[in-house]
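Undergrad: Given the structure of chain A, go ahead and fit chain B onto it with the hints provided.
Residue numbers (numbering that gives the first Met the number 0), protein chains in the order written: chain A, 0 to 379; chain B, 0 to 379.
Worth flagging that the hints you see were computed from the coordinates, not collected in a lab.
Glycine residues also receive a C-beta, built at the ideal position from the N, C-alpha and C atoms.
Any given hint might turn out to be false.
Unchecked claim - Which stretches of chain A does chain B cover? Using the computed rule of at least three CB atoms under 8 Å from a CB of chain B, they are:
1) 63-71
2) 124-131
3) 354-367
Said to hold, decoys possible - Pair by pair, the computed Cβ-Cβ distance ranges are:
4) GLU252(A) to GLN78(B): 58 to 66 Å
5) GLY319(A) to GLY339(B): 56 to 64 Å
6) ALA284(A) to PRO235(B): 49 to 57 Å
7) ARG200(A) to ASP320(B): 23 to 31 Å
8) SER88(B) to ARG54(A): 37 to 45 Å
9) GLY319(A) to GLU82(B): 33 to 41 Å
10) ALA184(A) to GLU331(B): 45 to 53 Å
11) SER26(A) to GLU82(B): 41 to 49 Å
12) SER77(B) to PRO324(A): 26 to 34 Å
13) GLU286(A) to GLN78(B): 16 to 24 Å
14) LEU260(A) to LEU28(B): 39 to 47 Å
What follows is the residue order along each chain.
Number of protein chains: 2
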Amino acid sequence: MSRREAGKTSATGQERSSRFRVVGDGSQLGPPDAVYREEVQLALRNRGTPLEGLRYPITPAGMHYLLSHFDIPDVDVSQWRLEVGGLVSRPLSLTLDDIKARPSVTLAVTMECAGNGRALLNPRPISQPWLVEAVGTAEWTGTPLGGFLDDVGVSKSAVDIVFTGLDQGVQGDEIQYYRRSLSVAECRREEVLLVYAMNGRPLEPQHGYPLRLLVPGWYGMASVKWLRSIECIGEPFRGYQMVGSYRYSQSEEDPGEPVTLIRVRALMIPPGIPDFVTRTRLVKAGEVTLTGRAWAGRLNVARVEVSDDGGETWSETELGDPVSPYAWRPWEYRWAARPGTYTLCVRAWDSEGNGQPTTQHWTFLGMGNNMAQRIDVVVE
Amino acid sequence: MSRREAGKTSATGQERSSRFRVVGDGSQLGPPDAVYREEVQLALRNRGTPLEGLRYPITPAGMHYLLSHFDIPDVDVSQWRLEVGGLVSRPLSLTLDDIKARPSVTLAVTMECAGNGRALLNPRPISQPWLVEAVGTAEWTGTPLGGFLDDVGVSKSAVDIVFTGLDQGVQGDEIQYYRRSLSVAECRREEVLLVYAMNGRPLEPQHGYPLRLLVPGWYGMASVKWLRSIECIGEPFRGYQMVGSYRYSQSEEDPGEPVTLIRVRALMIPPGIPDFVTRTRLVKAGEVTLTGRAWAGRLNVARVEVSDDGGETWSETELGDPVSPYAWRPWEYRWAARPGTYTLCVRAWDSEGNGQPTTQHWTFLGMGNNMAQRIDVVVE
Chain A
0 MSRREAGKTS ATGQERSSRF RVVGDGSQLG PPDAVYREEV QLALRNRGTP LEGLRYPITP
60 AGMHYLLSHF DIPDVDVSQW RLEVGGLVSR PLSLTLDDIK ARPSVTLAVT MECAGNGRAL
120 LNPRPISQPW LVEAVGTAEW TGTPLGGFLD DVGVSKSAVD IVFTGLDQGV QGDEIQYYRR
180 SLSVAECRRE EVLLVYAMNG RPLEPQHGYP LRLLVPGWYG MASVKWLRSI ECIGEPFRGY
240 QMVGSYRYSQ SEEDPGEPVT LIRVRALMIP PGIPDFVTRT RLVKAGEVTL TGRAWAGRLN
300 VARVEVSDDG GETWSETELG DPVSPYAWRP WEYRWAARPG TYTLCVRAWD SEGNGQPTTQ
360 HWTFLGMGNN MAQRIDVVVE
Chain B
0 MSRREAGKTS ATGQERSSRF RVVGDGSQLG PPDAVYREEV QLALRNRGTP LEGLRYPITP
60 AGMHYLLSHF DIPDVDVSQW RLEVGGLVSR PLSLTLDDIK ARPSVTLAVT MECAGNGRAL
120 LNPRPISQPW LVEAVGTAEW TGTPLGGFLD DVGVSKSAVD IVFTGLDQGV QGDEIQYYRR
180 SLSVAECRRE EVLLVYAMNG RPLEPQHGYP LRLLVPGWYG MASVKWLRSI ECIGEPFRGY
240 QMVGSYRYSQ SEEDPGEPVT LIRVRALMIP PGIPDFVTRT RLVKAGEVTL TGRAWAGRLN
300 VARVEVSDDG GETWSETELG DPVSPYAWRP WEYRWAARPG TYTLCVRAWD SEGNGQPTTQ
360 HWTFLGMGNN MAQRIDVVVE
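If we strip away everything but chain A, and leave its shape as in the complex, we get (with noise of 0.2 Å):
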């Protein structure tokens, strides 16, 4: 199934029925220079993590960057309950409590948005138009998913793992609620948690209260929030959010590849002072210590390297030692500044040898583009 038909949508604006006005000139796409107003909203209510805030190793619950697809869901703990069923032997309704008395585990992760970098395309997809800002690390608490699975009995012939949220909407004109699977395999691996707690505090509404996957290494699309229920198939699921959505697609025909893992990425703490609506930096003159974090999804981070020059020519940074297994690492570097106007740059390589590219990686729904940072110094 291509894209198009999950989505329900055609190809052409005449086509379509969807219930709600179209965004643009129905493309899809928009310009540059032109962020429509029904994106901005998208950014309103969702947020990405201030890039001062990357200085902390586990960002604060409160700066930790955001993405909901629907609305944030209010839920009566005393009401809710998780339903695993499926091809399962034994299969449960769950209270939280339930959850929590089961072996718990705490972990720094580094969660980024798979549509982190979005704005930054050219034609830009219409969705929420994150720049670069869209990762944060915190330390959840949970319980491992494996020892879980064992527990009800997944039957060997279950193929994929279904995660249903709480969080109710219309995407691509279909009704749905916010719903993803992943392998058995994947879910069997010993990082993936089903987590109650972040940064040693119930998880508040908008993070996925009172329970929600975590998926380390992958891009958060698959930390499905606010769980209802989980459900062991027979057959790959082709539900919106992992046919619909979530692809790297060159079209709304190409169905493309899915997305999954972080792909490889550093950011830097913007240096001296900002102009307020431009956020341009002003910086003195002298030694300064650039530094920022770096992280490759379930990968390391091999080298990074910054450039003072809009990406001409790159300088080797120190790094620093990861928070965890599944979380970023820091990177310094001592830049002599001189009086003039700069774009500094920083980009990453993984251990297996990708780098991020100083160019656009353009997909049709602005999936992965972990272009390198830029970010424009005036030197005084």
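TA: Chain B alone, transformed into the frame defined by chain A:
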């Protein structure tokens, strides 16, 4: 001094000598269908309260709206001091423990950004592009400023008290710490606090850790975050954030009146479920309970009305009790939703008879635009 002089800018783009690139055509205004990348960058750093978050009488800390002009400072509380000086008998340098040792008060306060509604204006002032979501209510804990001022012995010759934050940046081409003043009389009002906790927990960095001012009833710009000093002075304070910003002006040359107290506003929790991109709502036909919150700064909310025909006809809603004298109150209306498309609106009146307009309240900086909210709904 006009805003123009304070901002060190001139009326035409040609004459500007800013260190930084100007956004748009230099007019400081943008068209309604083209929000610039720099504005999106601000929207991603700052954040609104998702409208469904209005269901909580006290907004969860991580959902509360946020607006910071410059970067969030990194404060080492062991080194931090609050310096109190100027026209006082006993200048002081205080630790956070000194302040926490003083009498404490906890107060629920609705705070709103003065620029809320800015991006709905046409033409659109270029700045943080708020639609309607820049509001939240928290329980703040701190010590009354008035008693504190008694203890330091404010001179009778003092006119204004200047509050300076640790956040530094450039605005209107002027390098500055964020700095605002209040008259001594305003500072002595019993509800004005120096606060160190929000919803029962120490302030997170983005909300002003370790200490901020809280001025209930005023728009948020008065509640200076990351306080570093309090200075009593003998003449009206004319810093950039007093005369170059936060003015009800009609042009760059017009000094206008200062922005002060929060104007009356009601918001509705969007009913039904959202379309992901447009946020248009899909509602099932039948009786639908429309709910939301309304507030009026230092005044009471007298009446809230809703419309299902884009503001042609209105019906009165039922009001609940306010959370505190300085916080919003809930409203409710039972709507008989029949199949069709609707634009729901809500508007409120305060206890002095001021109501929300249904057309824009245009100002050059986009301040105080409390135009009635509009929500597009499809009933099926």
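Undergrad: Which numbered hints are broken by the structure, listed smallest first?
TA: 3, 6 and 11
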